[in-house]
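**Q** Residues per chain, in single letters:
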Amino acid sequence: MKDLDTGTVFEGDMGRAYEVTGILLPEDITRRLESLGIFEGTKLQILNKKKNGAVIIKARGARWAIGKEFAKGIRVREPGEIKEQQDETDN
Amino acid sequence: MKQTINVAFVGNPNCGKTTLFNAYTGANLKVANWPGVTVERKEGETDYRGQHIKLIDTPGIYSLTSYSIEEKVTRQCILEDDIDVIINIVDASAMERNLYLTMQLLELGKPVILALNMMDIVEERGMEIDMHRLPELLGHIPVVPVSARKRTGLDVLMHAVKHHYEEGPAGNVVVYRPDMEKRIVEVEKLLKSRYPQIKNIRWHAIKLLERDDEVEKQYSLDTAAVIDRSYEKDIINQKYDYIEEVIDECLFYKSEKAASTDKIDEVLTHRLWGVPIFLGIMALVFFLTFFIGDALKGVFEIVLSMFSDAVNHLLVSVSAADWLISLIVDGIIAGVGGILTFLPNIFILFLALAVLEDSGYMARVAYVMDKIMGRAGLSGKAFLPMILGFGCTVPAVMATRALEREEDRKKTILVTPFMSCSARLPIYVLFADMFFGKYAMAAAFSMYVLGMLTAIVIALVINRFQKNKSSQSLLIELPEYKAPNARTIMIYVWEKVKDYLTKAGTTIFVASIVIWFILNFNQHGMVTEVSESFGAALGRWFEPLLAPAGLGLWQIGVALISGLSAKEVVVSSFAVLFGVGNANSAAGMAQIVQNLSVYGFGALNAYALMVFCLLYTPCAATIGTIRKETHSWKFTFMMIAFQLLLAWGCAVLVFQAGSLLAGI
Numbered sequence: 001m002k003d004l005d006t007g008t009v010f011e012g013d014m015g016r017a018y019e020v021t022g023i024l025l026p027e028d029i030t031r032r033l034e035s036l037g038i039f040e041g042t043k044l045q046i047l048n049k050k051k052n053g054a055v056i057i058k059a060r061g062a063r064w065a066i067g068k069e070f071a072k073g074i075r076v077r078e079p080g081e082i083k084e085q086q087d088e089t090d091n
Numbered sequence: 001m002k003q004t005i006n007v008a009f010v011g012n013p014n015c016g017k018t019t020l021f022n023a024y025t026g027a028n029l030k031v032a033n034w035p036g037v038t039v040e041r042k043e044g045e046t047d048y049r050g051q052h053i054k055l056i057d058t059p060g061i062y063s064l065t066s067y068s069i070e071e072k073v074t075r076q077c078i079l080e081d082d083i084d085v086i087i088n089i090v091d092a093s094a095m096e097r098n099l100y101l102t103m104q105l106l107e108l109g110k111p112v113i114l115a116l117n118m119m120d121i122v123e124e125r126g127m128e129i130d131m132h133r134l135p136e137l138l139g140h141i142p143v144v145p146v147s148a149r150k151r152t153g154l155d156v157l158m159h160a161v162k163h164h165y166e167e168g169p170a171g172n173v174v175v176y177r178p179d180m181e182k183r184i185v186e187v188e189k190l191l192k193s194r195y196p197q198i199k200n201i202r203w204h205a206i207k208l209l210e211r212d213d214e215v216e217k218q219y220s221l222d223t224a225a226v227i228d229r230s231y232e233k234d235i236i237n238q239k240y241d242y243i244e245e246v247i248d249e250c251l252f253y254k255s256e257k258a259a260s261t262d263k264i265d266e267v268l269t270h271r272l273w274g275v276p277i278f279l280g281i282m283a284l285v286f287f288l289t290f291f292i293g294d295a296l297k298g299v300f301e302i303v304l305s306m307f308s309d310a311v312n313h314l315l316v317s318v319s320a321a322d323w324l325i326s327l328i329v330d331g332i333i334a335g336v337g338g339i340l341t342f343l344p345n346i347f348i349l350f351l352a353l354a355v356l357e358d359s360g361y362m363a364r365v366a367y368v369m370d371k372i373m374g375r376a377g378l379s380g381k382a383f384l385p386m387i388l389g390f391g392c393t394v395p396a397v398m399a400t401r402a403l404e405r406e407e408d409r410k411k412t413i414l415v416t417p418f419m420s421c422s423a424r425l426p427i428y429v430l431f432a433d434m435f436f437g438k439y440a441m442a443a444a445f446s447m448y449v450l451g452m453l454t455a456i457v458i459a460l461v462i463n464r465f466q467k468n469k470s471s472q473s474l475l476i477e478l479p480e481y482k483a484p485n486a487r488t489i490m491i492y493v494w495e496k497v498k499d500y501l502t503k504a505g506t507t508i509f510v511a512s513i514v515i516w517f518i519l520n521f522n523q524h525g526m527v528t529e530v531s532e533s534f535g536a537a538l539g540r541w542f543e544p545l546l547a548p549a550g551l552g553l554w555q556i557g558v559a560l561i562s563g564l565s566a567k568e569v570v571v572s573s574f575a576v577l578f579g580v581g582n583a584n585s586a587a588g589m590a591q592i593v594q595n596l597s598v599y600g601f602g603a604l605n606a607y608a609l610m611v612f613c614l615l616y617t618p619c620a621a622t623i624g625t626i627r628k629e630t631h632s633w634k635f636t637f638m639m640i641a642f643q644l645l646l647a648w649g650c651a652v653l654v655f656q657a658g659s660l661l662a663g664i
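So the sequence lines, in the order shown, correspond to chains A and B. full-length UniProt numbering puts the first residue of the first sequence at 1, with every later residue one more than the last. full-length UniProt numbering puts the first residue of the second sequence at 1, with every later residue one more than the last.
Next comes chain B alone, as it looks inside the complex (with noise of 0.2 angstroms):
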């Protein structure tokens, strides 16, 4: 018995293969329906009867070319690493797609399994697959039928693997035409006299004779007398071609009944309704973030309030210091804790984003939004990140690697932070239910469509100006639709809570402190007057700049500088300012909006801060990213710019037209 099996998990987008993976692992992973999100690969472990075995999870790939950023990383991994077995993960409802890659891996002579998911969809559209024939004609490879989503099938597929790690398919399985698989022989030759050590040498062969870059940089060879032309389409022709051969064989019955996918397609791809549809999910996903998100606010108000409480009471009843009581409960507990009471606004946010996103809904949004983006020189695939966004910035910036041109991927990481983040979501809630009593909700959904169109406008500008206008259109496949399933679900969830009280207990935690202490101290030490602290003589530099957005404060300073950090330190940071215990609850909204309004500090005000915080820059996170992602400090330093000018220009546009029509 070997110590460790490891067993790379790879098939097509939508198959099914996280939900699998995670089915073994129950592992952290964000499962995604578009290609560009899982680009790394993520490991888990299990163990079967004894056998320990270690689960890699590729990305989803459509076949074993070079093209994009997926396909290389999958490539790498099954070719390099030390994989012992390939599960390659088959949609039984589109197996005559999914049996391409199928055919690539059969290639690599590696030991494969076939993992035929969704038999539930096959059974319920009343097709039939032939068990018997079907791994006769895949080189005689265990066949296994699963349901990741019901969790069916899964020690059958293990026990495949403990028994199956050393034996790879049976001859070969596509068979060219006579010249070719002669030309293949002949490469073959010439690839074992020079490079002896080359497993999977038929692959290579393969790949050579279709011209692939990769293979051609690594094996240099003279193959000039053997390939006259590029092969590729011949291979790709004839893989088809034996694949119809393995459908007709096997698949029975094939679409008698009519896909639902098709029937709901029609009313949410409509070309009149498909937008205004789409805009009405999103405003139903923010209308369940702020009810529902508000109506479990209570819960935890009461918990951090007899928390607050009972802290405060045991330091002082260890006669603790004064300023180490005021840390504790001003600084820390006020900062973080005001943080942790949005949790239930962001649980419902992530998870109406799981379910649009399980179901299946996501990809079509690009379709839906081609049209609208296509104006801005963008296609509609752009638009996914950008939905990611109102997640979180750092995956969306991340995700435009799905975008194939650079033009395209830079113009997008441009636009996304535009899309209000769920950080953002705490500030909007507190200032909307302070300022706009009933008219809440639409105040805080107005910063969700303002961040749109915001979006869309500085696209179109763009476009407007750019030279080279030419946009790569869109290309991308759209899964059937699916009930979403709990376990993907709060895997996804848990994940984003995660990150969330994550940040509560890092960034939130250390910047609640530092702004306990600039609030609290001047160069004589410890102030009695938080306008005489460090913080005021900051936030006073501000006051003039800020004068014009109707921001003119030093506390508003400080809580916009502090909010660089991550954008929930600007809630954070109003609690510590005045001395909130939590500021999301009534008494401590009450006592903030009274501190505020002594200033003249009112609605329209409020609102000027909401638009600042939605368009100026994110977070340092965010930075970080789009440093990362587009290898330029050039780009990152004039897109900070670009958003604080923003920021301020909308911001003083809305308190000076706000003004203006309230004088009338």
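In isolation and in its complexed conformation, chain A is listed as follows (with noise of 0.2 angstroms):
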């Protein structure tokens, strides 16, 4: 997910940690991921991935293994962006 400032879980590297800036999917699939504790200002890590496929992520001390589609849709930036960002909201 080099040079960009947020992208997918699908695009993001392997063995690196990120968070969440939002999902893009269906109402009931988003329902159930936030249920599971993945929503925006959720810390994940990408703990393995395929090529062109699906990707085994760390989330709340729980590794799920998320299909192509989803992780398409569970937009995330890199931490050091996060904290930037949290400083801006805190003043």
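Simulated from the structure, these hints should not be mistaken for lab results. In this text, a Cβ means the ideal position worked out from N, Cα and C, and glycines have one as well. Please note that the accuracy of each hint is not assured.
As a list, the in silico PhoX-like pairs of lysine-lysine whose alpha-carbon atoms are at most 20 angstroms apart [unchecked claim]:
1. Lys-233(B) <-> Lys-43(A)
2. Lys-263(B) <-> Lys-50(A)
3. Lys-51(A) <-> Lys-371(B)
4. Lys-189(B) <-> Lys-199(B)
5. Lys-50(A) <-> Lys-371(B)
6. Lys-72(A) <-> Lys-371(B)
Ranges of calculated distance between the beta carbons of each label pair, as one might list FRET restraints [unchecked claim]:
7. Asp-130(B) <-> Asp-13(A): 31 to 37 angstroms
8. Arg-151(B) <-> Asp-13(A): 39 to 45 angstroms
9. Asp-13(A) <-> Leu-501(B): 49 to 55 angstroms
10. Gly-22(A) <-> Gln-466(B): 30 to 36 angstroms
With the hints as a guide, dock the two chains, each given alone in a separate frame, to form the complex.
**A** Now the structure itself:
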């Protein structure tokens, strides 16, 4: 996900940590992800991914295998950007 | 003291809930590492210091919404039933996610006891939990550390049940934003005035704020003035905010030590090696099934042969009628007993599947197979019922309930029977041993590979012609790897062995008697030549149809038809047909081979027969289950027709192509 301000879990790099900035998926899927604790602000780590395929993430202490379509709908950014953003909101 | 305290076990999938339940009841439960298998609740009983306690196991769920069957079952159970106490089992090693369900349970206002499971993993990772602060933050409910696997803390947990079945959490644990709290209070008032009988009033009010379909339907209320939109997102967010506070306060040295699970996953879910490793593991499972199973077979053979001789001797000594001796020795003992000698193979197969399931590997298969399944228009999750199909097609078809979309479900139901179930194992073992000598294991294993390939190819073909191709993407939790628990595995395997024995005592018993009858009688009475029997006449109708597949013998026609009751019956039929006491013994096999070779039946014919048995309709129980799950006789009959046609087509292809090659 180099040179991108934000991207999706699908584009993320293996082994890196991200923070969810939004979920662009059908309502029922978004709700399910939310009840699993995956929504805006959730920190996650990409543990494993297949080329053009599913991704394994770790969020809130649990590991999830997420299919390609869902992974494309979870928008994330890198933690560095999060901190700056948070400082702004704190101020 | 209450006469019986009703306790519901509620928790996330993979939190060790069923293992804990089994620790108390030793009940015959299916333990599965993915949702969709334990969809019906199970009950058991225990006594603690004179107190009778009824335990109810519920399916693993992540939240109390009503999006999935599991959630609906659990919600209904704890809301409507006479549940006194909820034992919320929490995986201490993944507390953050587990506590979300806890927060919802606490809102019910019912007595909740938190069973903190997997504390050993927490300690191993060098994490510490403040056991003093945790209950304080959870409304002062009892928090009991337990280990379901090591069976520790079990008495303390029941002690808590005995003493806390009347006390709910103190106050509201999660307090929402003031504007939302105001709305909750207003909805509570509306609910109270219209439905004064409602218990758990706060929970219902919160659910209305979330615009929960079921609660809205059940309690029609004009809330437009109070609820201007769905507050579900806000409620979830604020619950997780509170959970973060709890974690901050109570969990120390979080993830200090990297979990070994991640290291194992680097290998087992590797993007290149994942699939070959899975195939290797399955090959090992079947190798063990054949190798160890066959090694243990001898003991069973000796016992069966001794039993058969003893019964024969006894019947002769009491001057029993010939037909009765024939029915018992040639019909029942040959039919049922022959099947029992395959018990070691079945035992090893289920033992291996249980170890894979309990260790946490099975869920990884969904990830590993996701891409291949994706090409067939299914998610990797659809592969899980298919693996269950290696054990038995009936629960496998039922497990497709875990798939959200109806089209995905039907497609998976259609292909699952091609996964070779344990009932087909005796056929492969017998025919591979009889005709393939040192290549027996390879011949038998090829059936499993062929079954898997057929399933995937059929799904691919359907996907090609399907109009609506969008499939549900994968979303599945990958549990921590753990050393398999002996008790959990033994309960699982015993359940399967019991099923097998029950089937031998019922379906196969009856089928053996029926087969004996149709092979020993015709319209004029008992026959001396089997070729004059009803069975022979019936089988002869199928001879021309089966001939292109190299199976044009009336005996095979009879065996295949009787195999519709249960696949093992194909083997019992051969035993009864050729008058063999034990088809699975060296002598029995030699006798069958000799009988068949008279008709020119050789290895190629045997392979065509194995292919036919792999692909045609598994059994009556499967047909019933498919009808029940799809609610459609049309679908069920079309599926049977398809399976028969496919089995016939492939067997013909194998035999004709093989004959051509042999000719060259």
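**Q** Against this structure, judge whether each hint is valid.
**A** A quick look at each hint next to the structure:
Pair hint Lys-233(B) plus Lys-43(A) holds up; C-alpha atoms about 17 angstroms apart against a cutoff of 20 angstroms. For the proposed pair Lys-263(B) and Lys-50(A), the alpha carbon gap of about 17 angstroms is at most 20 angstroms, so the pair holds. In summary, the hint linking Lys-51(A) to Lys-371(B) is supported, as the alpha carbons are separated by about 10 angstroms, within the 20 angstroms threshold. Distance restraint check for Lys-189(B) and Lys-199(B): the Cα-Cα separation of roughly 13 angstroms lies within the 20 angstroms cut-off, and the hinted pair is therefore satisfied.
For the hint pairing Lys-50(A) with Lys-371(B), the CA-to-CA distance comes to about 9 angstroms; that is within 20 angstroms, so the pair holds. At most 20 angstroms may separate the alpha-carbon atoms for a hinted pair to count; Lys-72(A) and Lys-371(B) meet this at roughly 15 angstroms. For Asp-130(B) and Asp-13(A), the Cβ-Cβ distance of about 36 angstroms falls inside the hinted range of 31 to 37 angstroms, so the restraint holds. Range check, Arg-151(B) to Asp-13(A): about 43 angstroms between beta-carbon atoms, so the 39 to 45 angstroms window is met.
The given range of 49 to 55 angstroms is respected by Asp-13(A) and Leu-501(B), whose C-beta atoms sit roughly 53 angstroms from each other. Separation of Gly-22(A) from Gln-466(B) is about 31 angstroms and conforms to the stated range, judged on CB atoms against 30 to 36 angstroms.
This entry satisfies every hint, going by the numbered hints stated previously.
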